[in-house]
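Given the structure of chain A, go ahead and fit chain B onto it with the hints provided.
Residues per chain, in single letters:
2 protein chains.
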Amino acid sequence: MFESAELGHRTSKAAYDEEVPRLREALLDAQSDVGAAASFPVLAIISGVEGAGKGETAQRLNEWMDPRHIRTHGFPAPSGEEAERPPMYRFWRALPPRGRIGIFFGSWYTMPILERAFNRIDDADLDRAVNEIRHLERMLYNEGMLMVKFWYHLSKETERQRLRELEKGPRTRWRVTKRDWALFKRYDKLREVSEHVLRETSTLEAPWIVVDASDRRYRELTTGRVLLAAMRRRLDEPETAPTVTAAPIVPQQDNVALLRSLDVDRSLERKAYEEQLEKYQGRLGLLVRSKAFRRRSLVLVFEGTDAGGKGGAIRRVAGALDPRSYRIVPVAAPTDEERAQPYLWRFWRHAPGHGEIVIFDRSWYGRVLAERVEGLASEADWMRAYEEINEFEEQWLRNGAILCKFWLQIGRDEQLRRVGRREQTRFKRLEIDQGDGRNRKKWAAYERAVADMVDRTSTEIAPWTLVEGNDKQFARVKVLRAVCRALRNAF
Amino acid sequence: MFESAELGHRTSKAAYDEEVPRLREALLDAQSDVGAAASFPVLAIISGVEGAGKGETAQRLNEWMDPRHIRTHGFPAPSGEEAERPPMYRFWRALPPRGRIGIFFGSWYTMPILERAFNRIDDADLDRAVNEIRHLERMLYNEGMLMVKFWYHLSKETERQRLRELEKGPRTRWRVTKRDWALFKRYDKLREVSEHVLRETSTLEAPWIVVDASDRRYRELTTGRVLLAAMRRRLDEPETAPTVTAAPIVPQQDNVALLRSLDVDRSLERKAYEEQLEKYQGRLGLLVRSKAFRRRSLVLVFEGTDAGGKGGAIRRVAGALDPRSYRIVPVAAPTDEERAQPYLWRFWRHAPGHGEIVIFDRSWYGRVLAERVEGLASEADWMRAYEEINEFEEQWLRNGAILCKFWLQIGRDEQLRRVGRREQTRFKRLEIDQGDGRNRKKWAAYERAVADMVDRTSTEIAPWTLVEGNDKQFARVKVLRAVCRALRNAF
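If you read the protein sequences in the order shown, they are chains A and B.
Residues 20 to 510 in the working numbering are what the first sequence spells out, letter by letter.
Residues 20 to 510 in the working numbering are what the second sequence spells out, letter by letter.
Wrong hints could be hidden among the right ones.
For chains that are exact copies, the list does not tell them apart, and a pair is met inside one copy or across any two.
As the list claims (entries may be wrong) - With a straight-line cut-off of 30 Å between C-alpha atoms, the simulated DSSO-like cross-links for lysine-lysine are:
{"id": "1", "residue 1": "K310", "residue 2": "K197"}
{"id": "2", "residue 1": "K197", "residue 2": "K187"}
{"id": "3", "residue 1": "K175", "residue 2": "K187"}
{"id": "4", "residue 1": "K32", "residue 2": "K175"}
{"id": "5", "residue 1": "K187", "residue 2": "K298"}
No lab work stands behind these hints: they were computed from the structure.
In isolation and in its complexed conformation, chain A is listed as follows (with noise of 0.2 Å):
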């Protein structure tokens, strides 16, 4: 992968300077597009060796193209916040939103590299990581993301004389550090796995581009050209866009049935109803004060039927607990920034640290329901979703998220029944929502959506709880008795 990035390759300084003005003009133009159209955003990964000059590049972009329009971000030891979340936030929170361009430096590669070359992984933690890696990518690419990943490499005795150049200058002192040289000691293994690392993500929707970084004039030119090509391709031809063909979902009448076996009538009389409210959430407030829930993290997740009864069930598991522990979060309309992200950019910024409680009402499952249903994403786009979903709750639960996602299913006579009443009691009027109505229409719809979501995403590590929402006070109990449930499990 690496050899034709060691033939030498220069270019001279008339050739550069001929190029850079030519050069600049087209990527300025080329942002400016970009920025005008704000119908995708632009990543642009350098990575590679150290000494490479990746520095010096990234300055350059931003010198030849206009740097109020472009972020730059090194990734240096993660803050606090950082720390407690899964691994990938942080380049949640710096990707750039759309017209706009984002320089990440070593990005998610970095540590999977370095660990794996430090052997304090093994190569089946590799291989889940890249595999997370391209599960990013795709999805990125999915959502439009246009992405240009260069790999600046040097032979073992270029980076050598590299190291040491820039040792002897005065004004290039500073770059060296220690960790240079003790990575450069590395140089074989890091190779080895880098080579890996590449060959594996190496992708269709975001192919690596290895740049001999020997020559400071060629790399930059280079660079500089693979990322003028890229975005003027894509704004070009439009029609390049991502399309991706999914083999349609046949029919399952078998899970549909699913749900209708649930038998939504299940019901607890009052007493025992107070009873056990009060067991559970005494229970529930009790575990999350535990010491072991310190460096954990609850998500609880609810989706329903319309008028299913959600908002009663998050009160009451709410009610258990400290108001400053939790946050509930409203699904609705995205905002503008939200807009301007993936799809998933939204749920990634209310990621819970250590002891933390994230309560979505509705949540990420909105593609694979009612955007799936109202015709708001396109076949291509829920059907990728479950896969996406899957992907980014797993890397919740691995970094010690306890998850419990529910399913409040309601019958379509007591649907009728409730709609029909809150509209006339003004108390429970916060509850009528914009779903509402709209999608009592598409029962069948529905429940089609909600089967084949309960198929792909009831995973072992994150199943469904299918919760019979007839009674109002069986559900909420069930609800409280999961919860409990599965905090304790995970203790």
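Leaving out everything else, chain B in the frame of chain A:
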């Protein structure tokens, strides 16, 4: 101040049970109306002595209203990101947007009161803190926030009993910590300091409500009633929204003269420019890499006549820096998340951490420049902005920020020439933004606004640098030199 709260107010169970359903319904209605109007945020501050039931009451408010639209913040130890920024940063971060309710425990009152009571700060420090709070609250009020501040009071004897009772109960024992008893030991001093702070901050905009907290039912009902009345009144009488009557600015020909006396034609020869550019860029690069900068930050503000050369000057500063170390914030139209917050929120969110550099391309001065001249802000709003801005900058400076503010001034003819050239040259298209053209026509009005701005916000700790801009080379070097000087002076 606390005497009437020691009279032992009580509410009987019967009275409580009778009132709660009505109160709850009215609160839900009010919350719903606040959400529907989305024209102002509600902030309830719950402060007071330990063991007074702050947590219980916040939980009750969440129960009575819809917890999905309430966010309760406890403010435990600040996170690393928060600790690096001015103390008010974490509160800004947590402010509820318009239409939502926020509940803050203790809030900005906790630290000053505790630190004074434990003699970690003296009276002068406390006064400064109180003054800062008054500024903040007045600003929030003027921005439309509905603020209700509760102080839960217990007499010394009642507090002792309360803590003991809590310790006895197996379910409440966890709530009493060593810290609570440590605070109790300082009861008298805390009472004295709190009384002083409450008196000083019981303003027209945000008066305190001291609540006798000894009886749970009385405390809860009082809190609910007061919050309801405040929301209702604001909803029903929108005309009670803040109106600031400002003494008009007396036209001062003098201060315009300052601007006019600038010799905008000062220039620098090509050769001298190249030498000095390199010199100061090199120096700047070294200064921000120095050890002294690691716990500081650099904030650059660029304002100027349209086509005044802001972009070019910013690029020359950025060119000296590692792109990972800076963030350029182009200030354009606010996003909808920003519009739902007080004016300064969108700048607070970019507050730099240690060792960071933030460059604002246009800034918070927009309010006293374009918004004033274009009539986008009322006179009262832009008049109060001078004071708010000074207060805001002072907070950042106290936290270690090094702040440079540049006004780039060019002559009228030069402006016309540049704008004409830009419209032809595609190379520069990025720099033609909405502001251009529109405000070329209002030269005199802008001159006035700039002169007033400099008069009122060029303080000895945060002076403006007026930059003669007709010659771009001269301007760029002047900017770089000023930044270097500011860094040197700061170390």
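Here's how the hints hold up against the structure:
1. Taking the shortest alpha-carbon separations for K310 and K197, only the inter-copy value of 17 Å comes in at or below 30 Å, while the best intra-copy value is 39 Å.
2. In the homo-oligomer, the alpha carbons of K197 and K187 lie at most 30 Å apart inside one protomer (15 Å), although the nearest pairing across protomers, at 57 Å, exceeds that limit.
3. In this assembly of identical chains, the alpha carbons of K175 and K187 lie at most 30 Å apart only when taken from the same copy (19 Å versus 70 Å across copies).
4. When the C-alpha separation of K32 and K175 is checked against a cutoff of 30 Å, the pair qualifies only within one copy, where the shortest distance is 25 Å, while the shortest distance between copies is 81 Å.
5. Taking CA atoms no more than 30 Å apart as the test, K187 paired with K298 passes between copies only; the shortest distance there is 20 Å, against 71 Å inside one copy.
The structure agrees with every numbered hint stated previously.
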